[in-house]
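Enquirer: Sequence:
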Amino acid sequence: MAKSSKQFLHWSISRVVPVDRDELPALLWSFVYFFCVLAAYYILRPVRDEMGVLSGAHNLPWLFSMVFITMLAVIPMFGWVAGQLPIRRLLPTVYVFFILNLLAFFVALQSGVGLQAFGPIFFVWLSVFNLFVVSVFWSFMADVFSTDAARRLFGCISAGGSLGAMTGPFITAMAVKGVGVSGLLLVSAIFLLIAVGCIMALLKWYHVHHGIDLGNRHLSSIRNPEGTPPSLWVGVVCIVRSPYLKGIALYLMCYSILSTFLYSQQTILIPQVMPSSEDRMQLFASVDLGINVFAFTLQFFATGWLLTRFGVVIMLAVMPLVSLIGFGVFGLVTVLPVLIGFGVLRRAGEFSITKPTRETLFTVVSREEKYQAKNVIDTVVHRGADMAGTGIVSVFHTWGMTLSHMAFAALPIAGLWFATGVWLGRRHEAIRRR
Numbered sequence: 002m003a004k005s006s007k008q009f010l011h012w013s014i015s016r017v018v019p020v021d022r023d024e025l026p027a028l029l030w031s032f033v034y035f036f037c038v039l040a041a042y043y044i045l046r047p048v049r050d051e052m053g054v055l056s057g058a059h060n061l062p063w064l065f066s067m068v069f070i071t072m073l074a075v076i077p078m079f080g081w082v083a084g085q086l087p088i089r090r091l092l093p094t095v096y097v098f099f100i101l102n103l104l105a106f107f108v109a110l111q112s113g114v115g116l117q118a119f120g121p122i123f124f125v126w127l128s129v130f131n132l133f134v135v136s137v138f139w140s141f142m143a144d145v146f147s148t149d150a151a152r153r154l155f156g157c158i159s160a161g162g163s164l165g166a167m168t169g170p171f172i173t174a175m176a177v178k179g180v181g182v183s184g185l186l187l188v189s190a191i192f193l194l195i196a197v198g199c200i201m202a203l204l205k206w207y208h209v210h211h212g213i214d215l216g217n218r219h220l221s222s223i224r225n226p227e228g229t230p231p232s233l234w235v236g237v238v239c240i241v242r243s244p245y246l247k248g249i250a251l252y253l254m255c256y257s258i259l260s261t262f263l264y265s266q267q268t269i270l271i272p273q274v275m276p277s278s279e280d281r282m283q284l285f286a287s288v289d290l291g292i293n294v295f296a297f298t299l300q301f302f303a304t305g306w307l308l309t310r311f312g313v314v315i316m317l318a319v320m321p322l323v324s325l326i327g328f329g330v331f332g333l334v335t336v337l338p339v340l341i342g343f344g345v346l347r348r349a350g351e352f353s354i355t356k357p358t359r360e361t362l363f364t365v366v367s368r369e370e371k372y373q374a375k376n377v378i379d380t381v382v383h384r385g386a387d388m389a390g391t392g393i394v395s396v397f398h399t400w401g402m403t404l405s406h407m408a409f410a411a412l413p414i415a416g417l418w419f420a421t422g423v424w425l426g427r428r429h430e431a432i433r434r435r
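When we follow this note's numbering, the leftmost residue of the sequence shown carries the number 2, and every step to the right adds one.
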């Protein structure tokens, strides 16, 4: 009966995903693993947004600066630790570390410490948490699956993450008024604990299937194919020498700065409309749920067709154009529904249109640029632009500018983003033809 059930399960899944029978356990464990990782993060994200509100818009530059500094410090440390510990010890250590952090936050809340007291610490912590749990997941997947299997199965595994990204905010929206923030921390920790169980199951599957103990290896995919770890200095040199890479960096900077503009406006406007902390967290969770459902729908049904049909130039220009229109409308009609609608459309578009297209830009660069410069752009440039954006908003706030004025001030940056996207798309096509 068990064998026939497995055969039926494989037959059912293989109708949609081209998975071999002996790969099916690894696919299912990986699907659940990524589901748990993103569910754990998205349960906590509305809590982080609420803590950003409690800290006040004037403190956002400091918070984003701390995120930037912490990432610069932690990334080399993690690279060293990953080089010392085998997978069997490294992966559980990373996840158990974050579980213990969540339990510490839970104890602090239960002992009477208010959200505002440890809000800045949690804000920075969650940004680091998101970077590492997702990065470690994909590094592990690159070791578990061959290139051929990755091409066939990574789409399905990504869908597990998208499902988790929808489930997490749904849990928060439904449960925050019942169990409170401390209860949400425990639920998130439980998801991470299940993820550790998935890691152990995948290591066992690999040993049985390949006859090799993968757990005694190190994460190879944190290094490039030559075995060299990403270097900040080499990546910066690559960017300085290449107008194309500088264009990619500028494109991402414009996106990040405008994102912090929008986030800062949200931090100012929402408390004026919704004084209750739990109501705000419920709103943040509902917005995250809407974004992920919208993004998942676009990714599943439209992204591939759009990119094939319209090409890189138009796809890179779409979201800058949406930002030009969105900031203009919000400047004219400065109300919460416009801000929320614009935010949902913009973030869903980033996940389903801009980011997949931006990743294709690296398909025409050299291996050194792909592994060294991309690492710098994805971390240092991205978080540095976040810090710069909150600093600009802080200056505008000091000058007494209203939300409407700040929305109009974002338009030149959106215009630069649009022009950079068009230039990048044309440059990409030219390099690809050569």
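Since the hints were derived computationally from the structure, they do not count as laboratory data. Since we're looking at a predicted model, the values are computed, not measured. Watch out, some of these pointers could steer you wrong.
To be verified - Only pairs whose alpha carbons sit at most 16 angstroms apart, straight line, appear in this in silico EDC-like list of lysine to aspartate or glutamate:
no., residue 1, residue 2
1, Lys375, Glu360
2, Lys205, Asp280
3, Lys178, Asp23
4, Lys205, Glu360
What the hints assert, rightly or not - Across the chosen pairs, the derived CB separations fall in these ranges:
no., residue 1, residue 2, range
5, Ala118, Ala410, 45 to 55 angstroms
6, Trp306, Ala118, 19 to 29 angstroms
7, Arg242, Ala118, 21 to 31 angstroms
8, Trp139, Leu333, 23 to 33 angstroms
9, Gly57, Gly342, 37 to 47 angstroms
10, His406, Arg218, 50 to 60 angstroms
11, Trp234, Trp306, 19 to 29 angstroms
12, Val180, His211, 52 to 62 angstroms
For each residue, glycine too, the CB sits at the ideal point set by N, CA and C.
Enquirer: Take the hints in turn and mark each one as holding or not.
Expert: Results of checking the hints against the structure:
no.	hint	verdict
1	Lys375 - Glu360	holds, 9 angstroms
2	Lys205 - Asp280	violated, 44 angstroms
3	Lys178 - Asp23	violated, 44 angstroms
4	Lys205 - Glu360	violated, 33 angstroms
5	Ala118 - Ala410: 45 to 55 angstroms	violated, 33 angstroms
6	Trp306 - Ala118: 19 to 29 angstroms	violated, 49 angstroms
7	Arg242 - Ala118: 21 to 31 angstroms	violated, 47 angstroms
8	Trp139 - Leu333: 23 to 33 angstroms	violated, 42 angstroms
9	Gly57 - Gly342: 37 to 47 angstroms	violated, 25 angstroms
10	His406 - Arg218: 50 to 60 angstroms	holds, 55 angstroms
11	Trp234 - Trp306: 19 to 29 angstroms	violated, 41 angstroms
12	Val180 - His211: 52 to 62 angstroms	violated, 42 angstroms
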